[in-house]
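Listed here are the chains, written in short residue letters.
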Amino acid sequence: RKEVEQDPGPFNVPEGATVAFNCTYSNSASQSFFWYRQDCRKEPKLLMSVYSSGNEDGRFTAQLNRASQYISLLIRDSKLSDSATYLCVVTFFNAGGTSYGKLTFGQGTILTVHP
Amino acid sequence: DGGITQSPKYLFRKEGQNVTLSCEQNLNHDAMYWYRQDPGQGLRLIYYSQIVNDFQKGDIAEGYSVSREKKESFPLTVTSAQKNPTAFYLCASSAMRNTEAFFGQGTRLTVV
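From first to last, the protein sequence lines stand for chains S and P. So for the first sequence, this note's numbering puts the first residue at 1; every next one is plus one. So for the second sequence, this note's numbering puts the first residue at 1; every next one is plus one.
If you are wondering where the hints come from, they were derived from the structure by calculation, not from laboratory data. Ideal Cβ positions, reconstructed from N, Cα and C, are used throughout, including at glycine. Incorrect hints may appear among the rest.
Pulled a few chain P residues facing chain S out of the computed Cβ check, cut under 10 angstroms [what the hints assert, rightly or not]:
no.: 1; residue: GLN37
no.: 2; residue: ARG44
no.: 3; residue: GLY63
no.: 4; residue: SER65
no.: 5; residue: GLN105
With a straight-line Cα cutoff of 20 angstroms, these simulated EDC-like cross-link-like pairs (lysine to aspartate or glutamate) come out [claimed, not checked]:
no.: 6; chain 1: S; residue 1: LYS42; chain 2: P; residue 2: GLU24
no.: 7; chain 1: S; residue 1: LYS102; chain 2: P; residue 2: GLU15
no.: 8; chain 1: S; residue 1: LYS45; chain 2: S; residue 2: ASP57
no.: 9; chain 1: S; residue 1: LYS102; chain 2: S; residue 2: GLU56
no.: 10; chain 1: S; residue 1: LYS2; chain 2: P; residue 2: GLU72
no.: 11; chain 1: P; residue 1: LYS57; chain 2: S; residue 2: GLU3
no.: 12; chain 1: S; residue 1: LYS45; chain 2: P; residue 2: ASP38
Label-pair distances were calculated between CB atoms; the ranges are [what the hints assert, rightly or not]:
no.: 13; chain 1: S; residue 1: CYS40; chain 2: P; residue 2: SER67; range: 43 to 49 angstroms
no.: 14; chain 1: S; residue 1: THR112; chain 2: P; residue 2: THR110; range: 24 to 30 angstroms
no.: 15; chain 1: P; residue 1: TYR10; chain 2: S; residue 2: GLU56; range: 37 to 43 angstroms
no.: 16; chain 1: S; residue 1: PRO8; chain 2: P; residue 2: LYS14; range: 31 to 37 angstroms
no.: 17; chain 1: S; residue 1: ARG1; chain 2: P; residue 2: ASN28; range: 32 to 38 angstroms
Given only the sequences and the hints, what does the whole structure look like? Please build it.
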């Protein structure tokens with residue numbers, strides 16, 4: 001089983017739609033969670049961190065379910081500019097509180113927003 | 001401006017040659033990483049380093065080598081033992097307690 005798994009999609013939605021992505025992780029010691037966005041032939045860029053209580057940034061909402069070991073990303077009112085690959089990232093801390101340093105990426109979910 | 005710089009952006013290698021990809025950061029980050037991305041695929045970890053003069057193998061380290069002689073630099077050598085080196089290589093760095101990672105712009109390596 002992969003450490004981090006995502007539905008690769010592709011998701012093809014019209015402008016204004018709401019779309020949700022899920023990501024599951026296998027290591028219950030995982031502590032930090034992020035969503036990254038990657039445009040075609042570019043480097044990934046941080047979209048948002050995911051906090052235990054859930055967090056929102058404009059049209060984007062991220063949630064964490066530790067019991068079921070998954071994180072989600074909800075995009076409301078989709079824009080053409082949201083078309084990209086969305087990557088979930090999981091890492092974990094050692095007992096000393098510093099990171100093991102191994103960021104693990106899911107394979108990415110492709111989103112295409114059309115007019 | 002603080003950031004992470006990879007060079008070159010494009011690199012062509014003949015079969016049997018070793019090549020070294022550069023990664024420099026001025027963010028004062030302790031941790032640095034190398035990832036490989038193939039078309040339509042996610043990122044796979046090659047090597048990572050949490051401190052100077054120390055590094056660990058990732059999931060696909062065979063055919064690659066790294067060094068971490070300085071905090072700001074983490075070069076990756078793609079050796080002739082790497083049988084399928086054509087890919088997009090991404091370097092990243094992060095602070096130890098805030099593990100958000102920042103990426104360089106990547107190097108596209110092509111074997112000719």
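Going down the list of hints, with the structure as the test:
With its C-beta approaching chain S no nearer than about 9 angstroms, GLN37/P sits inside the 10 angstroms limit, and its interface hint holds. The closest approach between the C-beta of ARG44/P and any C-beta of chain S is roughly 8 angstroms, which is under the 10 angstroms cut-off, so the hint is satisfied. Hint status for GLY63/P relative to chain S: violated, with the closest Cβ pair at about 20 angstroms, above 10 angstroms. Hint status for SER65/P: violated, given a least beta-carbon distance of 18 angstroms to chain S, over 10 angstroms.
The interface hint given for GLN105/P is met, as the beta carbon of that residue sits about 5 angstroms from the closest beta carbon of chain S, less than 10 angstroms. Between LYS42/S and GLU24/P the alpha-carbon distance is near 18 angstroms, which keeps this suggested pair within the 20 angstroms criterion. Restraint check for LYS102/S and GLU15/P: the C-alpha separation of about 31 angstroms exceeds 20 angstroms, so the hint is violated. For the proposed pair LYS45/S and ASP57/S, the alpha carbon gap of about 15 angstroms is at most 20 angstroms, so the pair holds.
At roughly 26 angstroms between alpha-carbon atoms, LYS102/S and GLU56/S are farther apart than 20 angstroms, so this suggested pair is violated. Our distance criterion of 20 angstroms between C-alpha atoms is broken by LYS2/S and GLU72/P, whose separation comes to about 31 angstroms. Taken as a hint, the LYS57/P and GLU3/S pair is honoured in the structure, with Cα atoms around 16 angstroms apart against an allowance of 20 angstroms. For a cut-off of 20 angstroms, the pair hint linking LYS45/S to ASP38/P stands: about 18 angstroms separates their Cα positions.
For the pair CYS40/S and SER67/P, the beta carbons lie near 32 angstroms from each other, so the given range of 43 to 49 angstroms is not met. A C-beta distance of roughly 27 angstroms is found between THR112/S and THR110/P, which places it inside the suggested range of 24 to 30 angstroms. Between TYR10/P and GLU56/S the CB atoms are about 39 angstroms apart, so this pair conforms to the stated range of 37 to 43 angstroms. Judged by the Cβ atoms, the range 31 to 37 angstroms given for PRO8/S and LYS14/P holds: they are separated by roughly 34 angstroms.
Under the hint 32 to 38 angstroms, the C-beta atoms of ARG1/S and ASN28/P, about 36 angstroms apart, fit the expected range.
Comparing the model with each numbered hint stated earlier shows that hints 3, 4, 7, 9, 10, 13 do not hold.
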